[in-house]
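Chains W and Z, in that order, are what the protein sequence lines are. When you line the first sequence up against the working numbering, it's residues 1 to 232, in that order. When you line the second sequence up against the working numbering, it's residues 1 to 232, in that order.
Note that these hints are calculated values from the structure, not bench results. Accuracy of the hints is not assured; some may be wrong.
What the hints assert, rightly or not - Covered stretches of chain Z, as calculated for chain W (at least 3 residues, CB under 8 Å):
1. 34 to 44
2. 114 to 121
3. 181 to 193
As the list claims (entries may be wrong) - Sample of chain W residues lacking proximity to chain Z, with all beta carbon distances greater than 12 Å (derived):
4. Glu38
5. Leu42
6. Pro105
As the list claims (entries may be wrong) - So the derived list for chain Z, only partly shown, Cβ under 7 Å to chain W, looks like this:
7. Gly161
8. Leu162
9. Trp176
A virtual CB, placed ideally from N, CA and C, is assigned to each residue, including glycine.
Protein chains: 2
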Amino acid sequence: MGAVKTKRMPRAVREQQMLDAAVRIFGRRGYTAASMDEIAELAGVSKPLVYLYLNSKEDLFTACIRREAKALTGAVRSGVRPGLPADRQLWDGLRAFFAHTGEHPDAWSVLHLQARTHGATFAAEVTAMREEIVAFVTQLIVVAAREAHRNPDLPEREVAGLAEALVGAAESLAAWANATPGVTAREAAETLMNFAWAGLANLMADRPWTPPEEPEAPEAPGELGEPVAQPG
Amino acid sequence: MGAVKTKRMPRAVREQQMLDAAVRIFGRRGYTAASMDEIAELAGVSKPLVYLYLNSKEDLFTACIRREAKALTGAVRSGVRPGLPADRQLWDGLRAFFAHTGEHPDAWSVLHLQARTHGATFAAEVTAMREEIVAFVTQLIVVAAREAHRNPDLPEREVAGLAEALVGAAESLAAWANATPGVTAREAAETLMNFAWAGLANLMADRPWTPPEEPEAPEAPGELGEPVAQPG
Numbered sequence: 001m002g003a004v005k006t007k008r009m010p011r012a013v014r015e016q017q018m019l020d021a022a023v024r025i026f027g028r029r030g031y032t033a034a035s036m037d038e039i040a041e042l043a044g045v046s047k048p049l050v051y052l053y054l055n056s057k058e059d060l061f062t063a064c065i066r067r068e069a070k071a072l073t074g075a076v077r078s079g080v081r082p083g084l085p086a087d088r089q090l091w092d093g094l095r096a097f098f099a100h101t102g103e104h105p106d107a108w109s110v111l112h113l114q115a116r117t118h119g120a121t122f123a124a125e126v127t128a129m130r131e132e133i134v135a136f137v138t139q140l141i142v143v144a145a146r147e148a149h150r151n152p153d154l155p156e157r158e159v160a161g162l163a164e165a166l167v168g169a170a171e172s173l174a175a176w177a178n179a180t181p182g183v184t185a186r187e188a189a190e191t192l193m194n195f196a197w198a199g200l201a202n203l204m205a206d207r208p209w210t211p212p213e214e215p216e217a218p219e220a221p222g223e224l225g226e227p228v229a230q231p232g
Numbered sequence: 001m002g003a004v005k006t007k008r009m010p011r012a013v014r015e016q017q018m019l020d021a022a023v024r025i026f027g028r029r030g031y032t033a034a035s036m037d038e039i040a041e042l043a044g045v046s047k048p049l050v051y052l053y054l055n056s057k058e059d060l061f062t063a064c065i066r067r068e069a070k071a072l073t074g075a076v077r078s079g080v081r082p083g084l085p086a087d088r089q090l091w092d093g094l095r096a097f098f099a100h101t102g103e104h105p106d107a108w109s110v111l112h113l114q115a116r117t118h119g120a121t122f123a124a125e126v127t128a129m130r131e132e133i134v135a136f137v138t139q140l141i142v143v144a145a146r147e148a149h150r151n152p153d154l155p156e157r158e159v160a161g162l163a164e165a166l167v168g169a170a171e172s173l174a175a176w177a178n179a180t181p182g183v184t185a186r187e188a189a190e191t192l193m194n195f196a197w198a199g200l201a202n203l204m205a206d207r208p209w210t211p212p213e214e215p216e217a218p219e220a221p222g223e224l225g226e227p228v229a230q231p232g
């Protein structure tokens, strides 16, 4: 990230330096507060050169989202070996995920927070990435159910909900791990496996959690209220 | 939300109407794109009156976050009866949570997405609410571990991670349920209990998920690479 001044540096290399600087500033300051001056300075180039290469703040941000989304899905994908049992794939994928988000906290802030709230165009970029990860997890749950043999036909909507829950838990843990000194990727992944996989394994084996038997609950159970006498 | 024109309406009532309109517009358009004109029009008042009562777009947004955060934590709190077993409290709390986020999707969008990315002041408002919910879940996990007797001393950091995972899963499911026609609050809560509680129950009973035995993994398991001969 140093302010290398070589004039003949190839454009592709300069662009990557600009993106490195932009991810850092967008991730730390937020999209709105980030200034193109600061990004150019951190990249060691002039502001006009940033505009010449990346066109606008919007396009620069889009380029950041695309690069970082690709890097994150690539890291998860290359951490997983398809032939292994589903829980092993999930474990490997989670460790790769937390290792990547832990090593690139600014990129994670761009993807998880900034990209989702500054307009539909940016949000669509990150939604595509999230859907790819949800699809991967969904597939693992389906395979695991098939491997367990006992419950091969989890309803599609339940699988979709479980995958959303798992991905949401991973997102939340990534932010927590990045904000909590000393939490390793392995620790975060183990917490999530403890939390999720044991529950999923029970579900696959047809031992779901059972809602308590209950009479129709009153509307507002926390409220004190006089019973109302029914007429006649 | 109707454009009631009564001149003598009390200020407090008018303010609530302005906040109703603001939550709807902020939730649907996002903070940056939301216009004070549209908010005033939807509230059925003049724009100067909105500024007179709420001062600025920033203050109006802050008032929205505060009101909706209080409403959500209040709904969860009043759904839970403290004397019951921990899993029952969690089940009741989750149903209250999903019922509230399902009935107030714009408020959920304000809290979950908009408030977290438009500056530190807004983020701090919603962080306080999230911390309250995480603390509630943490407490339930601690109580459950005590009730289970077998594992009364889950390490503090593990409990914190589990609570973050559960809250993140709930947040993700709330967004998914709001975007998926026909998913009820009960269904979302049951999916999360299936996903999480069974896993937690195993953990309490000292049956954690066990990481696979493995040799030291190569750095990039997805890459093909020639083994490098060590110099003799």
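Now the hints, each set against the structure:
no.	hint	result
1	34 to 44	violated (count 0)
2	114 to 121	holds (count 5)
3	181 to 193	holds (count 7)
4	Glu38	holds (17 Å)
5	Leu42	holds (21 Å)
6	Pro105	holds (15 Å)
7	Gly161	holds (4 Å)
8	Leu162	holds (5 Å)
9	Trp176	holds (4 Å)
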